[in-house]
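Residue numbers for the sequence shown follow UniProt numbering, so the first one is 1 and each next one is one higher.
Among the clues, some could well be false.
[Claimed, not checked] Pairs of lysine-lysine residues, derived as BS3-like cross-links and limited to a Cα-Cα distance of at most 25 Å, are as follows:
(1) K92 - K21
(2) K110 - K14
(3) K110 - K65
(4) K21 - K110
(5) K92 - K80
(6) K5 - K30
(7) K62 - K80
(8) K87 - K30
(9) K110 - K80
(10) K65 - K30
(11) K5 - K80
(12) K30 - K92
(13) K14 - K80
(14) K65 - K92
(15) K62 - K14
(16) K14 - K92
(17) K92 - K110
(18) K110 - K62
(19) K30 - K80
(20) K5 - K21
(21) K110 - K87
[As the list claims (entries may be wrong)] Simulated restraints, written as ranges between beta carbons of each label pair:
(22) G105 - G53: 20 to 28 Å
(23) E49 - N103: 35 to 43 Å
(24) Y34 - I74: 13 to 21 Å
Don't read these hints as lab results, they were simulated from the structure.
Here the structure is a predicted model, which means the values were calculated and not measured.
C-beta atoms are modelled at their ideal positions from N, C-alpha and C, and glycine is treated no differently.
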Amino acid sequence: MVQSKTELFEEELKTQAAWFKVLAHPARLKILQYLSEANSCITGDLSEELPLGRTTVNQHIKELKEAGLIQGHIEGVRTKYCLNPEKIAEVKAVIEEFLSALNAGDYECK
Numbered sequence: 001m002v003q004s005k006t007e008l009f010e011e012e013l014k015t016q017a018a019w020f021k022v023l024a025h026p027a028r029l030k031i032l033q034y035l036s037e038a039n040s041c042i043t044g045d046l047s048e049e050l051p052l053g054r055t056t057v058n059q060h061i062k063e064l065k066e067a068g069l070i071q072g073h074i075e076g077v078r079t080k081y082c083l084n085p086e087k088i089a090e091v092k093a094v095i096e097e098f099l100s101a102l103n104a105g106d107y108e109c110k
C-alpha cells in the first residue's frame, strides 16, 4: 500500500499544517479580521467588503466554516456570520505553541 507523504509526520505537525493551510489565503484572513472588527455577527453579503466576486468569497467562507473558525446561522433569506470563539482560541494556541517551539537563536547565518 502506498503511504501518503503527510502520514510520515507526527499528528501535531499535521494539525498545525492544517490550520496554517486554512489561514494561508489573504481573503480568509480579511474575512476573519472583518468579523473580529465588527465585534458582532454580520448579516449580509461579505463580498462587498472584499475585492473578490461573491462566488470566490463564498468559497473562502465555506473553508472557514468547515474549519470551524466562523459560524453561519440562517435568518430568513440571509445568513448571519460570526467568529467561533472556541475555535479561534484553539487555532491561537496551536500557532503560539508552534512558534514558541522554534528557536531562532542569536546566531547569524553566513
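Hint check results:
no.: 1; hint: K92 - K21; verdict: 14 Å, holds
no.: 2; hint: K110 - K14; verdict: 31 Å, violated
no.: 3; hint: K110 - K65; verdict: 44 Å, violated
no.: 4; hint: K21 - K110; verdict: 31 Å, violated
no.: 5; hint: K92 - K80; verdict: 24 Å, holds
no.: 6; hint: K5 - K30; verdict: 31 Å, violated
no.: 7; hint: K62 - K80; verdict: 13 Å, holds
no.: 8; hint: K87 - K30; verdict: 17 Å, holds
no.: 9; hint: K110 - K80; verdict: 52 Å, violated
no.: 10; hint: K65 - K30; verdict: 14 Å, holds
no.: 11; hint: K5 - K80; verdict: 39 Å, violated
no.: 12; hint: K30 - K92; verdict: 16 Å, holds
no.: 13; hint: K14 - K80; verdict: 31 Å, violated
no.: 14; hint: K65 - K92; verdict: 17 Å, holds
no.: 15; hint: K62 - K14; verdict: 21 Å, holds
no.: 16; hint: K14 - K92; verdict: 16 Å, holds
no.: 17; hint: K92 - K110; verdict: 33 Å, violated
no.: 18; hint: K110 - K62; verdict: 44 Å, violated
no.: 19; hint: K30 - K80; verdict: 17 Å, holds
no.: 20; hint: K5 - K21; verdict: 16 Å, holds
no.: 21; hint: K110 - K87; verdict: 41 Å, violated
no.: 22; hint: G105 - G53: 20 to 28 Å; verdict: 45 Å, violated
no.: 23; hint: E49 - N103: 35 to 43 Å; verdict: 39 Å, holds
no.: 24; hint: Y34 - I74: 13 to 21 Å; verdict: 20 Å, holds
Violated hints, listed in ascending order, are 2, 3, 4, 6, 9, 11, 13, 17, 18, 21, 22; each of the other numbered hints is respected by the structure.
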